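S.K.: What follows is each chain in one-letter form.
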Amino acid sequence: MNKTLLAFLALAALAAMTPAHAALKILATTPEWASLSREIGGDKVDVYAATSAFQDVHRVEAKPSLVARARSADLVVATGAQLEIGWLPVLLQESGNAHIQAGGNGYFEATSVLRLLEVPTSVDRSLGDIHPQGNPHAQLDPHNIALVAKALTARLTLLDASNAAYYSARGADFQNRWQIAIAKWETAAAPLKGVPVVVIHRDQVYLCHWLGLAELAAIEPKPGVPPTAGYLAQLVVKLNASPAKMILRNAYNDSKAADWLSERVHAPVVTLAYTVGGTPEAKDLFGLFDDMVNRLLGAAK
Amino acid sequence: MWMKKNRGAGTALLLLLLMSGVGRAHADELSELKSDIAALKTTYAQKIVALEARIAQLEVQASAATAIAEAPPPPPPAPAGGGGQSAFNPAVSVILAGNYANLSQDPATYRIAGFMPGADIGPGERSFNLGESELTLAANVDPYFLANLTVAIGADDSIHAEEAYFKTTALPAGLLLKGGRFFSGIGYLNEVHAHAWDFIDQPLVYQAFLGRQYATDGLQVKWLAPTDLFMEFGAETGNGRHFPGTGRNRNGMNSTTLFMHAGNDIGDSASWRAGLSWLDQRADNRSFDSVDGTGAPILNAFTGSSRLWGADFVYKWAPLGNSIERQFKFQAEFMHRIESGSLAFDTQGGNLNGSYRSSQSGWYAQGVYQFRPRWRIGLRYDSLHSGDPSIGLVAAGALTLADFSELAASSPDRTSLMLDWSPSEFSRLRLQYAQDQARRDARDHQLFLQYLYSIGAHGAHKF
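Those protein sequences? They're chains C and P, same order as listed.
One point on numbering: in the working numbering, the residue at position 288 of the first sequence is 283, and numbering is uninterrupted.
Add 7 to the 1-based position in the second sequence for the working numbering, that's all there is to it.
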């Protein structure tokens, strides 16, 4: 018994000997918030993205590696609006980290500063995988990114006051570059207004809303509910009557349903990065929107 | 950018002018040059005007966008529940479970041969059964604690507090303190609630050594190392009443648990967690049904120490971490237990007493594969080794091994195959077939159909 206890304590002590790290540690739940944190935090932050563009953020596991990152994080940057409800609460509870608990300065929810679309009037699971606070996939409207950037800059200056000037300067610089980029995208994407599209899950709502794409139908009959053969057949009939110009698919979506529909309704499938890293071109937030606009324009020709 | 162009244009103009000054004074050449310069001037002037217009346009757009960016954030969403007292209601979730069981052997005769029966074991009753319905209430208490209550309502209308604990949220340095009644952190499956199991029942090693699942009334302290490699160290103490211990009417700490877990990712697609556990407690008169050499039913009892150590390993894989389409999960656990003390024979009759020592082990390994969205198939193999216990009464010649026939060496095993379908995250239907050779002399063919429904707050599960 004593030997067991000794070995146990020795191992614990070994684990305690770890080099100190000066940079502000940020655990971002998704690649877009990781990218934004890097834009504003520069070399004063050490950012870890909990998920990649090829994962469905609704369905992520509270992996040991994530608990370990939550343990030493100074700030958690999450989407909120219950997008991460299946795993983030476990990370926070298991982290043993008082700083990042919800409500504290070390916990930031992007959607807390946004006006969400599709806030349901009634909430019932028979309606599928709906989010009571509204559709959380808000990062696909760059104006939302600007709002989140502003709030995140404020949070960073609050958390790491000694570098406040640095964050403010980077935040302002990002806003300038971002607004110029938005103007560029909006000018370039003007021909996309009113272009009829089909989506898979209702997570391109903000993109459609921003660019004025007309969302004809969704391949999922209800959020998170896979289509039945009957529903797909109806969809084909509907789309043959009023044709869509393209079918939007996210990098993380399986291509089967979109390809199947594409063949039958003669509309190309456009694979969108959805978030940073989803396509080779989407290296950062600027690349993400450049690439999405380019791909949409390419398919709309 | 435009400044550079402008400056470039100016230099070009100047150069041209200079060149024209030193050029030969052919009249038509000069006029040609003049008209060229004029043309250049107009072109650049037009370009500059165009650029200036573009800048002005950008500035307007930028200021408009900044105005949007600087607009006050939208009002926060109204709290769920409409405010008032109910705004602070805890998260409520309910699990409903039930099954249909077809068992080739009478479940009343279920024994794990070679092992002293303790708590709740076996495949349950035949035919239609209501499973355990679980009601969970959970919320933050204040900025320092959270609380969780899980009440299990059994098919026999029994109600018991499965878990009822508080947990700290504000301790420094990666420390977590938990108190109340909780599933111990030992092993991998021990902390997992029944509705999240991948098979309808617990592995035999859990049934034989821990009476299904080891819960304790006590305290747990956990420390998470501040490393990128996940490392967690935990210790628990409690009243030690849960099988394999018994109530002992004694002050102080009646059980000790130590555990440690480590885990990490392997690339983008896989993750693992491994653990070691130790459980030390005592049993006083832990009685169990048996039969003597003549086949007459008697009651025996064990008193002594029960020490268990275990190792567990979990590996999960999904292509690029996306578990929607396909996922594979492998898990295996090993446990070894030494019980030593005294064994009382026929406590209500002759009540003979002698020494007792057993060294027993067991393990299981299982793989569950999600081969298409919502469908999973799983295979599990269970194995136990009881070994021959050393029984003082037999060694001294007072009794023979036939008087302890249930404790004679045995190696029970079981193979289970399951298929489940989850229409959504909140519902699951399962078919399971098992060949159970826990009994010494008979093979039990078990067929189960199970349903699991989850309503209320969205649960979040551990890895």
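Think of the hints as simulated: they come from the structure by calculation, not from any bench.
On a predicted model such as this, the values are computed, not experimentally measured, just so you know.
Heads up, the beta-carbon is just placed ideally off N, CA and C, and yes, glycines get one too.
Please note that a few of the clues may not be correct.
Straight-line C-alpha distance at most 25 angstroms; calculated SDA-like pairs for lysine to any residue [claimed, not checked]:
no., chain 1, residue 1, chain 2, residue 2
1, P, Lys336, P, Asp224
2, P, Lys469, P, Phe152
3, C, Lys251, P, Phe152
4, C, Lys217, P, Ala277
5, C, Lys20, P, Glu432
6, C, Lys251, P, Asp224
7, P, Lys469, C, Lys251
8, P, Lys469, P, Asp224
9, C, Lys20, P, Lys336
Residues of chain C placed beyond 10 angstroms of chain P at every Cβ, according to the derived structure [what the hints assert, rightly or not]:
no., residue
10, Val40
11, Val62
12, Gln77
13, Trp82
14, Gly91
15, Ala93
16, Gly98
17, Arg120
18, Asp249
19, Pro263
Examples of chain C residues toward chain P, derived with CB under 7 angstroms [what the hints assert, rightly or not]:
no., residue
20, Gln50
21, Arg54
22, Ser60
23, Gly81
24, Pro84
25, Cys203
26, Gly207
27, Glu210
S.K.: State for each hint whether it applies.
M.R.: Comparing the hints with the structure gives:
1. Straight-line distance between C-alpha atoms of P:Lys336 and P:Asp224 comes to about 31 angstroms, which puts the hinted pair past the 25 angstroms bound.
2. Distance check on the hinted pair: P:Lys469 and P:Phe152 sit about 19 angstroms apart at the alpha-carbon level, within 25 angstroms; holds.
3. A hinted pair counts as satisfied when its Cα atoms are at most 25 angstroms apart, and C:Lys251 with P:Phe152 does not qualify at roughly 46 angstroms.
4. Among the hinted pairs, C:Lys217 with P:Ala277 is inconsistent with the structure: their alpha-carbon atoms are about 30 angstroms apart, more than 25 angstroms.
5. For the hint pairing C:Lys20 with P:Glu432, the CA-to-CA distance comes to about 33 angstroms; that exceeds 25 angstroms, so the pair is violated.
6. The suggested pairing of C:Lys251 with P:Asp224 is violated, with an alpha-carbon distance near 51 angstroms, which exceeds 25 angstroms.
7. Our distance criterion of 25 angstroms between C-alpha atoms is broken by P:Lys469 and C:Lys251, whose separation comes to about 31 angstroms.
8. The straight-line distance between the Cα atoms of P:Lys469 and P:Asp224 is roughly 21 angstroms, inside the 25 angstroms bound, and the hint therefore holds.
9. For the given pair, C:Lys20 sits about 31 angstroms from P:Lys336 by alpha-carbon distance, which is inconsistent with the 25 angstroms threshold.
10. A cut-off of 10 angstroms between C-beta atoms confirms that C:Val40 is not in contact with chain P; the least separation is 16 angstroms.
11. The non-interface label for C:Val62 is inconsistent with chain P: the shortest C-beta to C-beta separation is roughly 6 angstroms, within 10 angstroms.
12. A beta-carbon of chain P comes within 10 angstroms of the beta-carbon of C:Gln77; the shortest separation is about 7 angstroms.
13. Remark: the non-interface label on C:Trp82 conflicts with the geometry, its nearest Cβ contact in chain P lying 6 angstroms away (cut-off 10 angstroms).
14. A Cβ of chain P approaches the Cβ of C:Gly91 within 10 angstroms, the least distance being about 4 angstroms, so the stated non-interface status is violated.
15. With a cut of 10 angstroms on Cβ distances, C:Ala93 falls inside the contact zone with chain P, its closest approach being about 4 angstroms.
16. At roughly 8 angstroms from the closest C-beta of chain P, the C-beta of C:Gly98 falls inside 10 angstroms, breaking its exclusion from the interface.
17. For C:Arg120, the condition that its CB be more than 10 angstroms from all CB atoms of chain P is violated, with the nearest at approximately 6 angstroms.
18. With a least CB separation of 5 angstroms from chain P, C:Asp249 falls inside the 10 angstroms interface cut-off, contrary to its annotation.
19. No beta-carbon of chain P comes within 10 angstroms of the beta-carbon of C:Pro263; the shortest separation is about 23 angstroms.
20. For the restraint placing C:Gln50 at the interface with chain P, the shortest Cβ-Cβ distance is roughly 5 angstroms, inside the 7 angstroms limit, so the hint holds.
21. The beta carbon of C:Arg54 comes within 6 angstroms of a beta carbon in chain P, closer than 7 angstroms, and the hint placing it at the interface holds.
22. Checking C:Ser60 against chain P: minimum C-beta separation of about 5 angstroms stays under 7 angstroms; hint holds.
23. A hinted interface residue such as C:Gly81 counts as satisfied when its beta carbon comes closer than 7 angstroms to some beta carbon of chain P; here the least separation is about 5 angstroms, so the hint holds.
24. With a least beta-carbon distance of about 5 angstroms to chain P, the hint placing C:Pro84 at the interface is held under the 7 angstroms criterion.
25. Hint status for C:Cys203 relative to chain P: violated, with the closest Cβ pair at about 19 angstroms, above 7 angstroms.
26. Interface restraint check: C:Gly207 against chain P, minimum CB-CB distance 17 angstroms, threshold 7 angstroms, status violated.
27. Of the supplied interface hints, the one on C:Glu210 is violated, with its beta-carbon coming no nearer than about 22 angstroms to a beta-carbon of chain P, more than 7 angstroms.
Taken one by one, the earlier hints fail for this structure at numbers 1, 3, 4, 5, 6, 7, 9, 11, 12, 13, 14, 15, 16, 17, 18, 25, 26, 27, listed in ascending order.
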